[in-house]
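Chemist: Could you put the whole structure together from the sequences, leaning on the hints where they help?
Listed here are the chains, written in short residue letters.
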Amino acid sequence: MARFALRRLLHASATVLLAVTLAFVLAHAAPGEPMLADAERLRADAGTVARLREDFGLDRPLWTQYALWLANVARGDLGQSFTTRRPVAELLLERIPPTLLLTVSALALAVVSGVTLGTLQAARAGTALDGLLGAATTIAHSIPVFWLGLLLLLVFGQQLGWLPLGGMSSPLAESTMGAMERVWDVLRHLVLPGLTLALVQAATFARHQRSAVLDALGEDFVRAARARGVGEARALLRHALRASLAPTITLAGMAVPALLAGTVLVETVFGWPGMGRLTADAIAARDYNVLQAVALVAGVAAALGTLAADLSLAALDPRHRK
Amino acid sequence: MVVAIPGDADALLPPIATSQVGAQIADLLFPRLAALTHELNTVDDSGFVPVLAERWERRDSLTIAFHLDPRGRWRDGVPITAGDVVFSHEVYSDPAVGSPYRANLSRVVRVSAESEHVAVVRFSGWYPEQLYDVAHYLRVLPRHLLDSVPRASLASSRFAREPIGSGPFRFVRWRPGELIEVEADTTWFRGRPRLDRIVFRVLPDVPAAVTALLAGEADAMEVIPQRDELERVRRDTTVRLVPYPSPFVAGVAFNLRRPQFAERELRRALAMATDRATIVRSLFGEWGEVPPGATSRMQWISQSDVRQLPFDTAAAARLLDSLGWRDGNSDGVRERAGRPLRFTLLVPTTSRLRQEGAVLLQAQWRRIGVDLRVRAVDFPVFDRETRAGNFDAAFFSRTLDPSPASIAQYFGTAGIGGDNIGAWSDPAFDSLVAAATSARTREQALPRWRAALERLNDEAAAIHIYAPRNHAAIARRITNVTIRPDYWLATVESWGRATDASSRGH
Numbered sequence: 001m002a003r004f005a006l007r008r009l010l011h012a013s014a015t016v017l018l019a020v021t022l023a024f025v026l027a028h029a030a031p032g033e034p035m036l037a038d039a040e041r042l043r044a045d046a047g048t049v050a051r052l053r054e055d056f057g058l059d060r061p062l063w064t065q066y067a068l069w070l071a072n073v074a075r076g077d078l079g080q081s082f083t084t085r086r087p088v089a090e091l092l093l094e095r096i097p098p099t100l101l102l103t104v105s106a107l108a109l110a111v112v113s114g115v116t117l118g119t120l121q122a123a124r125a126g127t128a129l130d131g132l133l134g135a136a137t138t139i140a141h142s143i144p145v146f147w148l149g150l151l152l153l154l155v156f157g158q159q160l161g162w163l164p165l166g167g168m169s170s171p172l173a174e175s176t177m178g179a180m181e182r183v184w185d186v187l188r189h190l191v192l193p194g195l196t197l198a199l200v201q202a203a204t205f206a207r208h209q210r211s212a213v214l215d216a217l218g219e220d221f222v223r224a225a226r227a228r229g230v231g232e233a234r235a236l237l238r239h240a241l242r243a244s245l246a247p248t249i250t251l252a253g254m255a256v257p258a259l260l261a262g263t264v265l266v267e268t269v270f271g272w273p274g275m276g277r278l279t280a281d282a283i284a285a286r287d288y289n290v291l292q293a294v295a296l297v298a299g300v301a302a303a304l305g306t307l308a309a310d311l312s313l314a315a316l317d318p319r320h321r322k
Numbered sequence: 001m002v003v004a005i006p007g008d009a010d011a012l013l014p015p016i017a018t019s020q021v022g023a024q025i026a027d028l029l030f031p032r033l034a035a036l037t038h039e040l041n042t043v044d045d046s047g048f049v050p051v052l053a054e055r056w057e058r059r060d061s062l063t064i065a066f067h068l069d070p071r072g073r074w075r076d077g078v079p080i081t082a083g084d085v086v087f088s089h090e091v092y093s094d095p096a097v098g099s100p101y102r103a104n105l106s107r108v109v110r111v112s113a114e115s116e117h118v119a120v121v122r123f124s125g126w127y128p129e130q131l132y133d134v135a136h137y138l139r140v141l142p143r144h145l146l147d148s149v150p151r152a153s154l155a156s157s158r159f160a161r162e163p164i165g166s167g168p169f170r171f172v173r174w175r176p177g178e179l180i181e182v183e184a185d186t187t188w189f190r191g192r193p194r195l196d197r198i199v200f201r202v203l204p205d206v207p208a209a210v211t212a213l214l215a216g217e218a219d220a221m222e223v224i225p226q227r228d229e230l231e232r233v234r235r236d237t238t239v240r241l242v243p244y245p246s247p248f249v250a251g252v253a254f255n256l257r258r259p260q261f262a263e264r265e266l267r268r269a270l271a272m273a274t275d276r277a278t279i280v281r282s283l284f285g286e287w288g289e290v291p292p293g294a295t296s297r298m299q300w301i302s303q304s305d306v307r308q309l310p311f312d313t314a315a316a317a318r319l320l321d322s323l324g325w326r327d328g329n330s331d332g333v334r335e336r337a338g339r340p341l342r343f344t345l346l347v348p349t350t351s352r353l354r355q356e357g358a359v360l361l362q363a364q365w366r367r368i369g370v371d372l373r374v375r376a377v378d379f380p381v382f383d384r385e386t387r388a389g390n391f392d393a394a395f396f397s398r399t400l401d402p403s404p405a406s407i408a409q410y411f412g413t414a415g416i417g418g419d420n421i422g423a424w425s426d427p428a429f430d431s432l433v434a435a436a437t438s439a440r441t442r443e444q445a446l447p448r449w450r451a452a453l454e455r456l457n458d459e460a461a462a463i464h465i466y467a468p469r470n471h472a473a474i475a476r477r478i479t480n481v482t483i484r485p486d487y488w489l490a491t492v493e494s495w496g497r498a499t500d501a502s503s504r505g506h
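Sequences listed follow chains A and B, in order.
So that you can map any letter, position 68 of the first sequence is 68 in the working numbering, and since no number is skipped, the others follow by simple counting.
So that you can map any letter, position 257 of the second sequence is 257 in the working numbering, and since no number is skipped, the others follow by simple counting.
A couple of the hints might just be wrong.
[As the list claims (entries may be wrong)] Have a look at the derived ranges for each label pair, beta carbon to beta carbon:
(1) B/Ala337 to A/Trp147: 48 to 56 Å
(2) B/Ser153 to A/Ala261: 33 to 41 Å
(3) A/Ala261 to B/Ala434: 39 to 47 Å
(4) A/Ala284 to B/Thr37: 30 to 38 Å
(5) B/Ala152 to A/Ala284: 21 to 29 Å
(6) A/Arg75 to B/Ser124: 54 to 62 Å
(7) B/Arg194 to A/Ala261: 52 to 60 Å
(8) A/Leu304 to B/Arg194: 26 to 34 Å
(9) A/Arg60 to B/His144: 36 to 44 Å
(10) B/Ala337 to A/Leu17: 50 to 58 Å
(11) B/Ala152 to A/Leu17: 29 to 37 Å
[Said to hold, decoys possible] These stretches of chain A come out as covered by chain B in the derived footprint (C-beta under 8 Å, 3 or more residues):
(12) 70 to 77
(13) 223 to 232
(14) 246 to 255
(15) 289 to 297
Derived by calculation from the structure, the hints in this document are not laboratory data.
Fair warning: this is a prediction, and the values are worked out from it, not measured in the lab.
Backbone N, C-alpha and C define an ideal beta-carbon position, used for all residues, glycine too.
Modeler: Written out as structure tokens, the structure reads:
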């Protein structure tokens with residue numbers, strides 16, 4: 001198991017390195033320069049622009065910039081943001097907690113609802129309910145996440161007025177709230193972005209879970225259980241469901257990159273102050289250092305998600321340790 | 001009061017706060033020595049009112065002495081002194097700080113502390129906007145708190161994020177990407193602000209901000225740039241639109257590095273073939289207007305009867321004919337020496353208005369045989385290409401300063417390589433601007449500015465196509481709202497908040 005874990009860890013590290021290299025190349029290949037010298041905004045003269053370029057090392061060859069960035073990262077220095085001129089690590093530390101709250105909540109919601117729906121579909125396979133849920137999950141899977149977000153915002157935020165329209169808290173009321181009220185306030189703000197992010201993933205989980213449970217229901221151990229007089233509900237929940245969860249664990253790990261990618265749009269639509277929003281702003285401003293750092297964090301998170309899934313699977317079923 | 005803002009601030013330290021939001025909030029925390037009045041008269045001393053300075057005197061044509069109000073205090077209780085003014089000038093002027101306002105203070109040669117409360121500013125030469133430059137661009141910073149911070153690290157310092165100022169509001173908190181909060185300083189020596197707190201809330205875009213406003217989750221927006229969103233607000237009874245003169249003007253700049261556009265009559269033909277009134281109507285309806293030229297409504301030199309080229313497609317066609325541009329092969333596009341009259345207009349994808357305007361221009365110019373290609377690019381690309389001169393024509397949008405001198409930056413020979421993206425160089429215009437900027441009074445300056453603006457229009461250095469009619473959107477529960485055009489929150493200390501019950505039904 002230890003050798004397996006080490007092998008997977010090396011694999012994950014190589015993936016992260018590849019991801020950040022790719023991010024570096026793509027960011028620099030995109031046309032446009034960092035907005036150090038936004039003519040309409042800064043009215044900076046040519047000398048100031050040249051000095052800023054020099055300060056940020058943008059006057060050096062690309063490979064030198066990349067090597068320097070890697071060396072600095074190895075020392076724990078992620079550089080400075082071109083736009084705010086603050087340490088990138090500081091910016092990330094501010095933005096990671098909201099994104100973590102959003103993605104973890106969305107993942108939990110997606111797994112629970114996806115597994116429940118998929119299991120229900122498998123239990124009622126071939127019925128109208130199965131067909132209805134199948135159609136619903138297909139639609140949910142096909143909807144662009146930003147469109148879904150806008151739709152939810154329009155209905156539950158604007159039309160019905162049940163939930164806040166965006167942000168992470170109610171700024172004016174916040175100072176008069178107690179601790180529990182603040183938690184409740186954040187939860188209310190979390191509902192729509194969390195739901196938006198979770199729905200697409202929940203559809204994926206449901207579809208996989210349905211086929212996994214159906215497969216398990218046809219396995220010998222379930223048939224044997226039934227032969228021993230175990231009821232249908234118990235055979236489903238105790239035996240088939242348990243056996244079908246292994247691919248779901250893998251899928252949950254694999255969902256982390258998709259969720260992180262989704263946060264860029266969801267956080268922008270809902271004004272959620274997390275890493276996704278930071279990424280969108282950094283892309284617009286060509287803030288290379290922030291983009292690189294985000295790619296690094298996202299790469300590490302994705303690799304950790306996959307690693308955790310691999311290790312859990314290997315722990316559950318030794319055949320996966322190969 | 002909750003103010004909906006379109007993006008987060010970059011910093012709250014005046015010399016380095018370059019984002020619009022950052023600069024606006026910094027204004028609440030760091031007041032000026034003197035402030036412009038609503039007339040935005042930048043040349044006469046009578047156009048200013050005391051803030052940190054209780055008065056000022058002109059010792060000679062090169063010297064202004066500012067007498068600081070002894071009641072002024074930093075939020076930590078330390079008095080504001082002339083030493084702070086001296087220190088502030090050093091910070092703004094230091095290349096290591098990289099302040100974009102450094103150039104605006106380039107004619108200030110020395111600032112010295114004559115006594116604890118008298119700061120003396122010395123200029124390199126006489127010019128009418130001496131007071132404006134110091135009062136408008138130089139904010140007083142606390143020497144005792146910033147002296148030990150290396151200048152190159154000011155931008156990344158804690159102070160730039162959690163400033164201690166001397167204004168009517170004090171900084172409370174900044175949650176990046178979400179909100180910035182300031183609260184009233186009850187001890188502000190010019191009187192306590194009526195609003196207890198202002199929360200600047202980051203909202204992703206204009207529709208989201210308007211929705212928050214209409215839902216009561218926000219109280220104010222500086223400007224609503226989209227016609228459909230303006231209509232939404234107008235239909236609502238809880239929010240009102242407050243008009244104020246706009247600092248914006250947008251149009252097409254020709255790149256005179258291209259031999260094609262060095263031809264004056266071609267530029268004039270294009271200007272005369274532009275039906276600006278129709279473009280404005282299509283883009284804005286009643287919410288926009290045709291600008292009289294390179295100036296904005298906000299500037300004191302703005303005059304609506306400045307001479308302009310008429311919209312006259314027949315005359316435009318005759319001009320092109322006379323230049324030898326004719327449609328020989330009847331494909332609808334004129335040619336000369338086998339070369340079609342074709343060029344590209346660069347527009348940024350971030351501006352829906354400019355993209356739509358470009359399409360309308362394309363259709364209008366097609367009627368006189370011009371094949372205009374529209375190239376929409378990401379803003380950083382637009383910025384890079386226009387700065388480098390890699391374009392035929394560019395659809396620009398400018399936010400002008402109260403000072404008309406900013407027009408010279410965009411069209412003066414000295415601005416080439418900087419804001420003068422089209423590399424327009426005209427000695428006659430330069431001398432007219434020089435005469436206007438050296439006029440001793442507003443009355444002397446006005447006709448000179450008119451002549452300069454008319455010269456630009458005659459030469460068609462650019463076509464100024466639209467200017468929005470600015471409207472702030474303010475919840476009716478916010479009372480006593482007045483707006484100074486260059487800075488909409490300039491008088492926010494006097495704004496108040498009615499109870500929700502009393503504001504209903506107004």
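Chemist: Holds or violated: the segment 223 to 232 of chain A covered by chain B, criterion of 3 or more residues with Cβ-Cβ distance under 8 Å?
Modeler: violated (count 0)
Chemist: Please test the hint of 29 to 37 Å on the beta carbon pair from B/Ala152 and A/Leu17.
Modeler: The hint (29 to 37 Å, Cβ to Cβ) holds, given that B/Ala152 and A/Leu17 are roughly 32 Å apart.
Chemist: Under 8 Å between beta-carbons, do enough residues of the segment 70 to 77 of chain A, three at least, approach chain B for the coverage claim to hold?
Modeler: violated (count 0)
Chemist: Evaluate the given range 33 to 41 Å for the C-beta pair formed by B/Ser153 and A/Ala261.
Modeler: holds, 35 Å
Chemist: Does the beta carbon distance between A/Leu304 and B/Arg194 stay inside 26 to 34 Å, or does it fall outside?
Modeler: Roughly 52 Å apart at Cβ, these two residues miss the hinted range, so it is violated.
Chemist: When you take the CB atoms of B/Ala337 and A/Leu17, is the distance between them in 50 to 58 Å?
Modeler: At 57 Å between Cβs, range holds.
Chemist: Can you let me know if the beta-carbon spacing of B/Arg194 and A/Ala261 is within 52 to 60 Å?
Modeler: violated, 46 Å
Chemist: Regarding A/Ala261 and B/Ala434, is the given constraint of 39 to 47 Å on their beta-carbon distance met?
Modeler: violated, 56 Å
Chemist: If you look at each residue in the segment 246 to 255 of chain A, do at least three have a Cβ nearer than 8 Å to any Cβ of chain B?
Modeler: violated (count 0)
Chemist: Is the gap between the beta carbons of A/Arg75 and B/Ser124 within 54 to 62 Å?
Modeler: violated, 46 Å
Chemist: Does the Cβ pair B/Ala152, A/Ala284 satisfy 21 to 29 Å?
Modeler: holds, 26 Å
Chemist: Verify the CB-CB distance for A/Arg60 and B/His144 against the hinted window 36 to 44 Å.
Modeler: holds, 39 Å
Hint compliance for this structure: hints 3, 6, 7, 8, 12, 13, 14 and 15 are not met, and every other hint is.
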